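Asker: Single-letter residue listing:
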Amino acid sequence: MSKPKVAFYWCASCGGCEEAVVDLAEEILQVVEAVEIAFWPVALDFKREDVERLADGELAAAFINGAIRTSEQAEMAHLLRSKAQVLIAFGSCSHMGGVPGLANLFDREEILRYVYEEAPSVVNPQRVRPEERIEVDEGMLTLPAFWEGVQTLDQTVEVDYYLPGCPPPVGLIRSALQALLTGNLPPKGSVLAPDVALCAECPRKPTKPERLALKELKRPHQVLIDPETCLLAQGLLCLGPATRSGCGAACIAGNMPCTGCLGPTSRVLDGGAKALSALASLLDATEEAEIERILAGIPDPVGLFYRYSLPASLLHRRVGNGERLREGRSS
Amino acid sequence: MSERPMEGERSFEPRIVAFFCNWCTYTAADLAGTARMTYAPNIRIIRLMCSGRLDPQFVLAAFRHGADGVLIGGCHPGDCHYQEGNYKALRRYLLLKRLLREMGIEEERLRLEWISASEGDRVQKVANEFTETIRRLGPLRLAPRPGVIRLPVAALPEPSPAAREGALP
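Here the protein sequences come in this chain order: D and L. Read in numbering that gives the first Met the number 0, the first sequence has 156 at position 157, and its numbers run on one by one without any break. Read in numbering that gives the first Met the number 0, the second sequence has 56 at position 57, and its numbers run on one by one without any break.
Next up, chain D with everything else stripped away, as it sits in the complex (with noise of 0.2 Å):
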């Protein structure tokens, strides 16, 4: 019997996916023992002809990190989505749009105008931008379309398990590779990681006061942080609380708050809706001001709340264009 297939692709994302794959270490031996690899542009030589020669549910799988921002990307997830017979959205960006996907604060106008135009590193009198499609001498030359926003893997093809995490954690991926392999799959739609908060298994759990009072919000480059203690104990902004475990509180480990990549559990609509709503109630004020003062803290609610969500939540992108944003934040 021959071996099934898999693919493995990138979209909008930094490289750091295809990095948790390559942690598996000397297990990675095994998995290439059992599956052929039968894309993967990031560690292989293969083009997209040896994807499109393949019949349709030919690959067994096929693993898809990052957002989906152009054309090109979506192109690509329709071709593996036509050619695999499972779909796994891997990483926060192609789950939930990643930090990537913070670019939906802006408009396509402005992102290429200040890359093209306005960066301080950048000179371009003539004010040239890359154009879709450009006669030169030797003949017409294309470039993908750059949509006016991020999306998510799912909300542009059938995605049939999410692997959540920025990038995925090494147990998590053992696991459900473990579960392609041996047919032992979940419902589909899941996200293949445990459906509690990652409070249930911080090891910091026993030393969260029975009650959360904060009379001041934190960044970890303000203070000096106990390793022990729990960091909104601490007055950190630990998104803890709002998190899906299985990461086994990495970052926590390291005496940095959560930052939320796994995404909340299958109960929440909005994870950042959500996160926000959990820190609020732990505020310590009950007058306008003292809460004004204390919110303070928390200079950037959006990326704080969705630093890998935004396409995902119910918003999705910024109304209007950035000149309303800076004013907003000089106001």
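To be clear, the hints were calculated from the coordinates, so they are not data collected in a lab. Some clues are possibly wrong.
Said to hold, decoys possible - Below, a list of computed lysine to aspartate or glutamate pairs in the DMTMM-like style, where the Cα atoms sit at most 20 Å apart:
no., chain 1, residue 1, chain 2, residue 2
1, D, K4, D, D159
2, L, K96, D, D283
3, L, K96, D, E108
4, L, K96, D, E289
5, D, K187, D, E157
6, D, K2, D, E18
7, D, K4, D, D49
8, D, K217, D, E227
9, D, K214, D, D225
10, D, K4, D, D55
11, L, K96, D, D299
12, D, K4, D, D44
13, D, K214, D, E287
14, L, K96, L, E128
15, D, K214, L, E83
16, L, K96, D, E291
17, D, K2, D, D55
18, L, K96, D, E209
19, L, K124, L, D29
20, D, K214, D, D299
21, D, K2, D, D49
Unchecked claim - Covered stretches of chain L, going by a simulated chain D footprint (3 or more residues, C-beta under 8 Å):
no., region
22, 16-30
23, 131-142
In this text, all values refer to a predicted model and were calculated from it rather than measured experimentally. Even glycine gets a Cβ: it sits at the ideal position worked out from N, Cα and C.
Given the coordinates of chain D, assemble chain L onto it according to the supplied hints.
Answerer: Relative to the frame of chain D, chain L by itself:
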């Protein structure tokens, strides 16, 4: 969502969702009704047991599904039936407003009012005022969101011991 006129300020009728707490503001709205006070019909009231039950997700979902404004009504400070639900509502509201500002949504589209059970006239005044505010702001035009908004699973079994320990669900 029903079709709505895209342009023409005159034809714009604001769509407003109001979340009123059972013990104060909803009772006040009821009083306004029995006293036959009239107010703008743009307000659709949803009764919550407490303004502290107002999950910020409700507000964002209302905006996503076509509301132009969201009004929250709760008991006056110190009067919450559950001691401190309205304080939680206030804190969430103030943080949510900061979030809306960053997302380019006018903060006036979200309003919190303390209205006690005897203040039927205040419900009338606030409903009319808020409708006019939203009428002046015009329709909320959120960027379209691709994909399906999947509601959270309605009822889930308790997580198995294995799931708690970090194995797959």
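Asker: Each of the hints needs a verdict: does it hold here or not?
Answerer: Checked hints:
1. D:K4 / D:D159: holds, 17 Å
2. L:K96 / D:D283: Measuring from Cα to Cα gives roughly 19 Å; hence the hint holds.
3. L:K96 / D:E108: violated, 26 Å
4. L:K96 / D:E289: With Cα atoms ~16 Å apart, K96 (chain L) and E289 (chain D) stay inside 20 Å; holds.
5. D:K187 / D:E157: holds, 11 Å
6. D:K2 / D:E18: violated, 24 Å
7. D:K4 / D:D49: holds, 12 Å
8. D:K217 / D:E227: holds, 17 Å
9. D:K214 / D:D225: holds, 18 Å
10. D:K4 / D:D55: holds, 12 Å
11. L:K96 / D:D299: holds, 12 Å
12. D:K4 / D:D44: This hinted pair holds, its Cα atoms lying about 16 Å apart.
13. D:K214 / D:E287: holds, 13 Å
14. L:K96 / L:E128: holds, 19 Å
15. D:K214 / L:E83: Given pair K214 (chain D), E83 (chain L) holds - Cα atoms ~17 Å apart, limit 20 Å.
16. L:K96 / D:E291: holds, 11 Å
17. D:K2 / D:D55: holds, 17 Å
18. L:K96 / D:E209: Since the Cα atoms of K96 (chain L) and E209 (chain D) sit roughly 29 Å apart, the hinted pair is violated (cutoff 20 Å).
19. L:K124 / L:D29: Satisfied, since the Cα-Cα distance of roughly 14 Å is no more than 20 Å.
20. D:K214 / D:D299: Answer holds: K214 (chain D) to D299 (chain D) is near 19 Å, not above 20 Å.
21. D:K2 / D:D49: With a Cα-Cα distance of about 17 Å, the restraint between K2 (chain D) and D49 (chain D) holds, given a limit of 20 Å.
22. 16-30: violated (count 0)
23. 131-142: holds (count 4)
The structure does not agree with the numbered hints 3, 6, 18, 22 stated previously, though it agrees with the rest.
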